[in-house]
Each structure stands twice: as C-alpha cells, then as structure tokens.
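There are 4 protein chains.
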Amino acid sequence: MAGSTIGTLFKITTWGESHGKALGVVIDGCPAGLSLCEEDIQIYLNRRKPGQSSISTPRKESDQVEILSGVFEGKTTGTPISLLIPNTSQKSSDYSEIASYYRPGHADYTFDAKYGFRDYTGGGRSSGRETAGRVAAGAIALKLLKELGISVTAYTKSIGPVSIHEDHFDLDAIYTTATCMPDQDADSRATAYLKDCMQKKDSCGGVIECLVKGLPAGIGDPVFEKLDANLAKAIMSIGAVKAVEIGDGIRVSSTVGSENNDAFYCSGGAVLKKTNHAGGILGGISDGADLILRAHVKPTPSIFSQQDTINKSGENIQIEIKGRHDPVIVPRAVVVVEAMTALTLLDACMLNMTARVSYLKDFYQKP
Amino acid sequence: MAGSTIGTLFKITTWGESHGKALGVVIDGCPAGLSLCEEDIQIYLNRRKPGQSSISTPRKESDQVEILSGVFEGKTTGTPISLLIPNTSQKSSDYSEIASYYRPGHADYTFDAKYGFRDYTGGGRSSGRETAGRVAAGAIALKLLKELGISVTAYTKSIGPVSIHEDHFDLDAIYTTATCMPDQDADSRATAYLKDCMQKKDSCGGVIECLVKGLPAGIGDPVFEKLDANLAKAIMSIGAVKAVEIGDGIRVSSTVGSENNDAFYCSGGAVLKKTNHAGGILGGISDGADLILRAHVKPTPSIFSQQDTINKSGENIQIEIKGRHDPVIVPRAVVVVEAMTALTLLDACMLNMTARVSYLKDFYQKP
Amino acid sequence: MAGSTIGTLFKITTWGESHGKALGVVIDGCPAGLSLCEEDIQIYLNRRKPGQSSISTPRKESDQVEILSGVFEGKTTGTPISLLIPNTSQKSSDYSEIASYYRPGHADYTFDAKYGFRDYTGGGRSSGRETAGRVAAGAIALKLLKELGISVTAYTKSIGPVSIHEDHFDLDAIYTTATCMPDQDADSRATAYLKDCMQKKDSCGGVIECLVKGLPAGIGDPVFEKLDANLAKAIMSIGAVKAVEIGDGIRVSSTVGSENNDAFYCSGGAVLKKTNHAGGILGGISDGADLILRAHVKPTPSIFSQQDTINKSGENIQIEIKGRHDPVIVPRAVVVVEAMTALTLLDACMLNMTARVSYLKDFYQKP
Amino acid sequence: MAGSTIGTLFKITTWGESHGKALGVVIDGCPAGLSLCEEDIQIYLNRRKPGQSSISTPRKESDQVEILSGVFEGKTTGTPISLLIPNTSQKSSDYSEIASYYRPGHADYTFDAKYGFRDYTGGGRSSGRETAGRVAAGAIALKLLKELGISVTAYTKSIGPVSIHEDHFDLDAIYTTATCMPDQDADSRATAYLKDCMQKKDSCGGVIECLVKGLPAGIGDPVFEKLDANLAKAIMSIGAVKAVEIGDGIRVSSTVGSENNDAFYCSGGAVLKKTNHAGGILGGISDGADLILRAHVKPTPSIFSQQDTINKSGENIQIEIKGRHDPVIVPRAVVVVEAMTALTLLDACMLNMTARVSYLKDFYQKP
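If you read the protein sequences in the order shown, they are chains A, B, C and D. The first sequence begins at 1 in the working numbering and counts up one residue at a time. The second sequence begins at 1 in the working numbering and counts up one residue at a time. The third sequence begins at 1 in the working numbering and counts up one residue at a time. The fourth sequence begins at 1 in the working numbering and counts up one residue at a time.
Next comes chain A alone, as it looks inside the complex (with noise of 0.2 angstroms):
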C-alpha cells in the first residue's frame, strides 16, 4: 500500500533508501509565498545527521540537501516543492552478510514477509536513515508555524536511567550537547552511561520530549482526526518508538479525576489553566495551554554482542552484527520528533481555518 504519505493540506511523501541513490520528500500544499532557501532546512538536517559525537555512529553523511522545485525567486509557489538529499556514504558491501538472515529488533523478517524479498543494504527503507525526508519537510513546516508565533521545540528527556533535571533546565543545551539534553549535567552522565554500554557491546533507550508554545486554542478536530491522536500516528510511525504519551500521560491511568482536571480561570482576558496534566489537549481540541507529548524509543536493535537468530532457511543460527551504529537512537530522533509535531500541527492549524461560516465569509466578502 502507499505508506509513504501524510497530511491532509500539508501533505508530505518521502522516498529513498539507506543505501540507494538518494533520499527526498515532495511536499505538496505548502502556501505560496513563504521565503524559502536550502539552508533554511539544511539546519535541521545537520540536527539529524551522524558521526558528529563519541556517541554517534562514525558513519559520514554530509545530507545536502537540494531544492529542485516549487520555489520561485526565492518563495514558495503553492506547487510542490522537492528536495533532494543524495547518499554518499554508501558500503554496500557491509550488508552482504545480512541478506542472508533476521536481525533481532529489525524489520528484515518482516519485509521479507510482506513483500517476498527485501533491499537489505543498510536496512533499505526500514532504516533510520528514511527520518531525513521527514526532517526536511518538518523544516519548512516549522519555519511557517514560527511566522504563526508557533514554536515547537523537542530534546532528550532521558537516556537508560539517566534523566534531566527540572532545575538545571537550559534550552539552549538542546543544541550544544551530543545527547540534545536541555541539562548539561545530565548530559554528563548520560555520556558516561552510553560509553559503558558500547563498552559492552550494548545499547539502551530514551525518551524525548516535545513542547509546543504559542499554538491557539480550536486546533484539531473531533473523533478521529483529533490533534493527540494525528500526534501519536505521527510519532509512533518513527521507527523504534513504541509508546506516545500527551501530557500526563500513562500517569493518568494511576490518578483521581480531583487532581487531573485542570481548573480553568481568567486573567486579563485570557482564558488560562492552573495546571495542565492535560499537556494542552481536551477532546482533540487545543486548549491554548502548552503542548506536551513524549515518545519512548527502544534500543538501538544493531548490538555487537552475539544474538541468536535464523537465517533465510529457517536454521538456528547466532550472529554479531558489525557495522556503524549509534548505541542510542534518541539524539538523533530528536529533531524527527519536532519535524513530525510540526508537520501535524500545521496540517491541523490549516484545516482549523474552515471550522466556521463566519471565516468562510470573511474570506470571501473582503473587499
């Protein structure tokens, strides 16, 4: 089936293989007349790309991207706008090995079950390396939510047991620090902990955190387009997610209606919450309130240590993977999770924009 595409009127369709030719995405239905150049999305790109830490797969991808159309002198022109981002570091011959068995935690056995047979160089198109498309379209998105006084804005909330802490909070962290923590203590110690676990031949997991600021009350819609549930599609389709949480999250399921429900209340005309367990969603709809979801990643499935597994005739076998991998995916998920937030919202703040008759009118009757 055609997977590849999401979005209603901010719609993206991303393509490419690890170890193919390139990678892309065409983004259709962004609005004409936003200024756009490469480097506007190269910055997030250089968010996503590897080698660039202790902690990071040596592997080098500089992932240049190019703008092949729907730009105009400089703005987009409402048609579809292709980017392009070709592979460069591509050893194909690493792979050949894998094409003949199951790695534990991958999708090579369940390609092959699907569709017969796979591309098995680098994971093909189950690799992490697929996130680029979404990043450079969720650029573009977020740079349209900004000139809407919407920020989104995601970091590493943990690392295995390692998390941040609410005092050492710092931003700007986020982009200084090899583990996008916003806590340059609890970077620290995450870096430690990592380089223990590549020490034996191990990975472990993490969650990340996404807060949106500015984002007005009214967007989403109701039953199945609600916003909480087009987020948790967006970010549980990132491989290696396998649980999303809005606001409180699974620490709703242990607590009273008493201390969930946020209090409403006035000042200076606002309409403004005392709390906000609700993370800034109440029936799908936007509240006004901060935005806040969390995604948990698995470890990364590529150890060195010895698994057992089956090959393609389905003997009992044990391999130890070689290869570049990150011990942990989180880091580098980071800026997925922020492009694949901003993807949803925008798609979502567009379709708010017919939600009423009066805005119908308004558009329309202007002199």
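Treat the hints with care, as some may be off.
Only pairs whose alpha carbons sit at most 25 angstroms apart, straight line, appear in this in silico BS3-like list of lysine-lysine [unchecked claim]:
1. LYS322/A - LYS201/A
2. LYS143/C - LYS21/B
3. LYS322/A - LYS274/B
4. LYS60/C - LYS201/C
5. LYS75/D - LYS146/D
6. LYS143/B - LYS213/B
7. LYS322/C - LYS274/D
8. LYS21/A - LYS274/D
9. LYS75/D - LYS75/B
10. LYS213/D - LYS361/B
11. LYS143/A - LYS143/C
Hint data in this document are derived by calculation from the structure and do not stem from the laboratory. Computed from a prediction, not measured in an experiment: that's the story for all the values here.
Knowing the structure of chain A, use the given hints to seat chains B, C and D on it.
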C-alpha cells in the same frame, strides 16, 4: 474539517450527539458476502451500554441497533452499511446550567474556541456516547477478522492502584466482572476502590490492554502507515486516552538492546520469537507474534466535588457537577479499544492484499 | 472498496438502496454556524422526487428528510450532519423476476461480476434513488454557497432532438415545466416527443447544463485537483451520464486557437473576458467568468419493448421489463447535477483558503 | 491545497516546473516484484518528448529518466519509486516579457489570482511539461497491467476537421506517424492541415481516443468511485482537455433506449454484448467489453498572431507570443491519455481485490 471518518478500504463514518435524536455509523468498503444480523452487533453494544452495575452511571440507554442498508437476504452486499442507534434517555434539562460554563477536563471550552458555540447537552459530539458508532462498526470488523482466524480481545488491566495478576488470568471474567478485568480477585479489589472513590465524590483512571492472536506476519506498511502508528491514532482518538503503548511500551526507554531484542528461532517450519518485547510489530509490520497494546485512560472528568472554573462571561466561578456519571471510564471503554483495534487491523489486512505483483497475478489470472 | 464518500473538507457519505428501509447521507466538515432546517433540504428533494408529471414514473415517494444530528438550536455545529429519508413505496414483489436475469443497460451484470450476488430489488444501490442522498447534501452546499454570493443553476438543455432556444431562455421555467427546461416552448415540444417515446415503449436521452455565477477567480488546484477534473468526476459519477463538457466542450476539438482563446480586458478595475469559450476555468482554476458545464445523459435503460439478454444460468432469453419507469432520466437528474456541482465548488472554495501564507497570517494573527 | 497526488492504492505524486531544475514523480504503492529498469519508462517518455517532427515545437528536451529509489536488483521492492527527469533546455530569458501580462487561454491569470504571483518561466507548473511525471508513472502502470493481460492504447482520432477512418485503421501507425493517428492517409491530410494552421499563425484542436482490451468485468466501484467517474477526472486533469466521453459519449443524449441498450448474450460460457454503446462500463463497473473513452483537446493557446489581453497593471494591451510552440497539443498528449487511463485502471483493479469476503478468505487461509 471532516474528522468523523477513519479507514482506507474498510472505512467508517460515525455521527450523532449524546442527546440528539440518534447516533449512527456508516461502514463503507465492507466486503460482500458476510453473514450479518443486528444481533451480531448488539452483543458488542451491550458490553458498552451504561447502567449495568453499581460502578456505572445509573443512566439507562437500550442502545438498540438497526441495520438500514447494505445487507440483503442476511449477507453484506459490498455497499455501505448504515447502522442507527436511537437515543432514548435524553434529559436535556439536566444540562441548562452547564451551557453557561466550562467543565474542567471536558471539551466544553475547546469546542467553543473552535466552533464559536456548542451543543452543550450531555457533551454533544464530545460525549463518550459517540463511541457507540465505533463499537457497532467494530463488531462487523471483529466478525470478519474471526472468519480469517484473527481474534482481538481487550480487557481492563488496572483501575487506579489495582492491577490484574498474571497468575489469576481468566479471560471469561472479562465478560462477567463489572470492571471487565480478567481476574476475579482484582475485580473485587477494584470495585472496593471505586466505591471509595464515589464516596469521596472523586473518579479514577486505569489501563486497558488489548491482545491480538492469529495475525499473520506482513500486515502494516512502512513509514507513515505503520501498523503501530495507525493503532496509536485509533486508540488515542478514544476520548480520555492519554498514552498508548505497543508491546513493552514505556519500558523500552529504560532497558538495553540485549534485553529488548526478541531472538528469532525456527520450530516446525514456523518463524517464532523467544520473547515478545516488540508486541508483535517490527518496523511497523506484524511479525506473526501476539500483538499487544495498552491505552492509559484518565479519570472521569465529571466529579461531584467542588471545582474552580470560569463561565462564558470570563468570570472565575465554583461549580459542583450533577448528573449521572461513571466513576471510571475504563470498563465501558474496553469494548471501544477492541473495536478500534479490529477496525485498524482489518483495514491493514485488506491493504496488504496488493503488496506483491504475484498477488495480483494470482487474483486476475485464476482460471 | 469504499466508494460512497466524496470531498476533502466538505465530505459526504451516502448510503441506502432503492428498496431498503431508508436512504441517507452523512455530511462531515460542514462549517459551524449555518442556519439549517429540514425545509431547506426538502425543497431540493421535492425537485427530484418521482410521480410529479405525466412524463415521470407514477411511483410515489414522499422523500421526507429528517435531520438526525449536527444541528443544534437551528444552526450547524461543525460536527457530522446525518440526514435520513425513509423508503415508503417498496413493492419488492415487482422484482422477483429480475433477480434471475441481467437487464441490458443496467448494472445487474456488473454488480454480480463484482460482488458475486446483488440486491436486485429496484436496482438496489445502483438505482437512481441513490441520488437522493446527494441532493440532500447538495442542498446544504447550495445554501452555504449562496451566502458567499455564488449561485448554481442546472436545467435541461435538450431532450432527444428538442433543444432549448437562447431567445426563449426563462430561468423560472426550470421550476415549473415538467422537463425542467428554461423554455416553455421547448418544454411543450419535448413533452410531445416523450409521449411518443412512451407509446413506442421506448425511452430517450438528453443534456443537462449547469451555470455558476459569482464564483471568484482562483478556485481549484493545479494538476490532479483541477476544478474541471473534480467536476468531471462528480458529474460522471451520476448514473447514466456518459459525457461531460466544460465551456465549449467537444467543440474545442474542431476549432482553432484564434477563435477559442478568450481575450482578457479590464473594465472598472475588474478583469473580464470578451468571450467565455473556456467556461470559466483556465489551467484547472476558476477565472472569474461564469462556469458552464454539460452532462450527456443516456436514455432510461428500462424500456417496455422486447429485449435480448441472458439469465444467470447463461441462457440467451428475451425479456419485457415491467414496472414504473421514467421515459427520460434528465428532468429528475437536473437537481442532481446542481447538487454535485455545488458540492464540488464548496469543497474547492474551502481548500482555496490556505493557498497563501498571507491567508494563514491574516487568520492566526488577527487581534 | 495538495493537488499533485492521485490514486488510492497505486498513488503517484508529480512535481516540477517547465523551467526548474527537474521534473519528477514518486510512485507509492507499486506492488513488489515487478521487473523495472529505466528503459521501460524511457520508451513512453520518448513518445511525449518535443522536437520530433515538423509539426512539433523545435524545442529539444532529452527527457532522460533516472530511477532514484524503490528498485533493488532489478525489481520493485514495494516502497516508493522516485523518478527524476532533469530539465536541460531552459531558456528563461524567453519569458521575461510574459511575466508582465496574461496570455489568453493560459493559466497565467488564474495562478496569479490564486497564489498572488507565479513562476512565469514557460508556464511553470501549468506547463504541459508537467505531464512528463504522469507518463513516467504511467509507464509502470502500463507494464503491470500488461502482465495481467490488460492492454491500453491511445491514439489521435481527429485533428481539426481531419478524422481517422475505420477502414484504414492501422494500430502500428500510432507509433510512426507524426500525428499519432492509426491511419496513414488521415495523417497526411492532418499534417497538411497543420502546416496551413502554422502558416496562418494559428493552432487547432483534436480528439484522442483510448481503447482498453482485456479488462475483466467487475472493476470500479459504485456511487462516487465509479470507473468512468475516475477516468473522467484523470483525463480532464490533463491540461487543454475540455470534454470527456465514455463509449458513445455525447451521442447518447440524442438516441433512444432501444438503440442504446447493449444486448447481452452467452457464447462459449462467456458473457458478451452484441453492441458496445456503453464503452465497457455499466453502473460505473467494467462489463468485460472493450473500454473506450475520448478526450477533446483545445487548440494550443500559444498562437503567433496578435491578441488582445491585459497586463498586470490592468492595462488593455496587444501581444504577439513568441517562442517554440506546438501547433496542436494532441499528438504529444496521446501517451498522456494512455498513462492516465492506465493509472486509473490499475488502481481500480487493486481496489477490487477486497470486494468479497471470499477473496479475503482465499488470501489469508491459503496453506
């Protein structure tokens, strides 16, 4: 926006408000030739309907379903199936007061922010009654999945601090306990806890788990239409759900790869896994193991104790909600989780039928 | 497949068979705040209903519509509007014979080929009665378009060899003549022709034209969602339509560029065209001129003279169709063309509201 | 809005402008296991490319396609296929003048009305060059349909006053004549007519017919996803098409039922029809007979004689268009009609595979 439709090939559209004339659903894309009568659907609606125990709202609704189209001589025809459930217990007078203010934890404020006004009787479209249409449609999906050898079973895993225990697991208890727990002992303790909540004019949350058996490997699509992504959307779209987990869910963020990876092995020609931390999904595609997901449900926002809030004039006020409300949403939402899971799986199974050229050849070149 | 839904933002889903319990439609995505009552819809259904003249089937259907959801205190709420039209004149016994064979020109054979069996009573889902749901939904679109200053008017242009004459054009006559021709004289001649057809146990075809005034320039989208492309789909989806023309339509293939091009000119600040061969659409986007389209409707396939066909056992047989049938489909389909045009235009107008970044800024940054 | 995607299961997204860096298309949902190389696609692009005869624009474009993803070891993998066609002959300087005014018959004015500005070089996204992506995607659909025994063949039926004659019908001539007429004699006369047009600085229109053989009965879905409705949309979405006919098309409006009905008969176990006025579609579903459709194409709007129009300042001016333009669009659009027909049919064939419960059982319960 049009948010009341979900599904690509097996597509449902729900409609109706808590206190309107009726609720309903149109199922479009149901394959022709399924035996179907009203009783097939009624048995699921009965599991959702209120007023069945001491821990449920005393509000009575018969929730009798009528098939209006799409079935001829006892079989589905392939054309849309329209199901109607009349509302019989609308006491709109109960709600005159609610019209003027915003209940904490409810969608009152966000609906007003979006649409400029709202149907305030019983929550209108944002009421939990909206799920009757989902359950009715889900009953058809469940029946068809069963004919393909796929079973979907949801149950209450915990209510407040009370969780089921593996050693007491008893599937039959789901349908006989008031809590829908597959554990008689946990049911007793949860019931006691709920009565205490009610006495304190409070409410509580809980966890619903859903277990799918018999799903073949290969279901789901890469990238944005991953099976877990669509399940996350379907489950998060249920009102009051604030977190969705697949397999080990949130636990993956604090574990290591050597523990989280599920080793494959072969036995009797079948591909099996020694563990199932992944919950039956790898790379967004089913791997043939049991599929497991969990929904975290917030406490019922309608509590009888005093709460701070605002009215439509922007004045800070205090309210005490009256009416008929469940102290916990979980037991009545169990069948909703089952329905949404079934709808998602059936759609994915249908989508999978065109994944290979050989499938098309087998279909169109049969003698 | 799920084929009973159309529209992206203003989305409708129809259901129901000719001789089932009822027909209906769910309109999802209707903006909130539109005054709506059953009479608004009934006036359009009345134009479609049978048994109103000597050239229509004597079958009687009251086609009374009931609003089941989506309207509160006289206004649309933004949530799905469910409309129900009970069937009252089902004489299924009429159809026992038809079950065994395939009527020429009908969908009997193709439904059996697709689904393995069919609801043979009155054509089931393939009956012209299916369009009642379209007309009911179209009534809402027409009402909303009117509030935006856009009028949509369809009428009969020709029946068999009888065409309306420009010099006699009289819009009011559409609603008073049995043929729905805006020309009293042509109506008389067409009526005479039809009576002759009926006497010969035959039927005839005709042309429906639709004229849209007040549509602003800029509606429709490039490439696949061109306004004319979506109109062509909407109109061709009406049973019995075999050709769709926009503007000069088929005449463009035998003309030259110097005649077919419409010259632009400016007058009083407005952009106008000296001619309108294009029918108001250039490059798939409205140009501000009147939009004009035509549907060519085939003769009613149910004729009373003897015909060759086959039965379900594959035997060549001869049949004489009995029952209650219109000698021409056109007059009752006029309001269906109007409805489908309105649904398509309203959806396109809503989609256009996010075409520019400046529109988003105006919307979200208003004080 | 996002208008550059079409299809439900076999979904394509085109991008690119006439004078941008490149054009392309992403095909998502192509089944796995189809042998595919660039030459398979190139042969279709070569039929569309300009500069191949005395009656075509002398502009040269090599239109070389490159496969960037979705094919591994010579076979489609089931993941998105990205195709790139670099632009090589961009003389943007040609277009400096056009930027200031609106060409009659072109989308210049409507793009400005919609987006506030436009890429004026060569028509930007509204250029006929946009169809290169359609043809590239169509080539894949055509290859797959062929493996299912379904052939799709389009050809020029008429150019201006010159029509092909049944007695001279010669399919091979489609690929050898400059007009793509399956009639050498008509080709000569049409060529003479076109040269006369060119001398008069004028252009002309024509008709393209498309013939489908081998399509089984049962393809297409009732109501809005009728096969003819989707074909009408696909064909009308091609720039310059102003009318679409199925089977007898416009002739049905002036005929009678006894002539228009196609009588069924059985022969050798097969269900056949004595005539095929319906063009192979009844009730929106294929009936097993040849599928026939026609597109009416307007004259090339770029003519070299003087025309009245306005500039962006709203002044009435006179222009003479320069540049490289085809005197007739038809021959180069033949393969576009073939592509759009194939894309629509393949999608409908895939959608049909879930029409019956028995199909699902056969698929999922095979040993």
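Now the hints, each set against the structure:
Taking the CA atoms of LYS322/A and LYS201/A, the gap is about 11 angstroms. The hint holds against a cut of 25 angstroms. Proposed proximity of LYS143/C and LYS21/B is supported: the alpha carbons are some 24 angstroms apart, at most 25 angstroms. The suggested pairing of LYS322/A with LYS274/B holds, with an alpha-carbon distance near 23 angstroms, which does not exceed 25 angstroms. Proximity of LYS60/C to LYS201/C is assessed by CA-CA distance (about 21 angstroms); at most 25 angstroms being required, the pair is judged to hold.
Note on LYS75/D and LYS146/D: the hinted pairing holds, with a Cα-Cα distance of about 16 angstroms set against a maximum of 25 angstroms. Between LYS143/B and LYS213/B the alpha-carbon distance is near 14 angstroms, which keeps this suggested pair within the 25 angstroms criterion. Simply put, LYS322/C and LYS274/D have alpha-carbon atoms about 23 angstroms apart, close enough for the 25 angstroms limit, and the pair holds. In summary, the hint linking LYS21/A to LYS274/D is not supported, as the alpha carbons are separated by about 53 angstroms, beyond the 25 angstroms threshold.
The straight-line distance between the Cα atoms of LYS75/D and LYS75/B is roughly 41 angstroms, outside the 25 angstroms bound, and the hint therefore fails. Proposed proximity of LYS213/D and LYS361/B is supported: the alpha carbons are some 17 angstroms apart, at most 25 angstroms. With a C-alpha separation of about 38 angstroms, the suggested pairing of LYS143/A with LYS143/C is violated against the 25 angstroms cut-off.
Hint violations for this structure: numbers 8, 9 and 11, all remaining hints satisfied.
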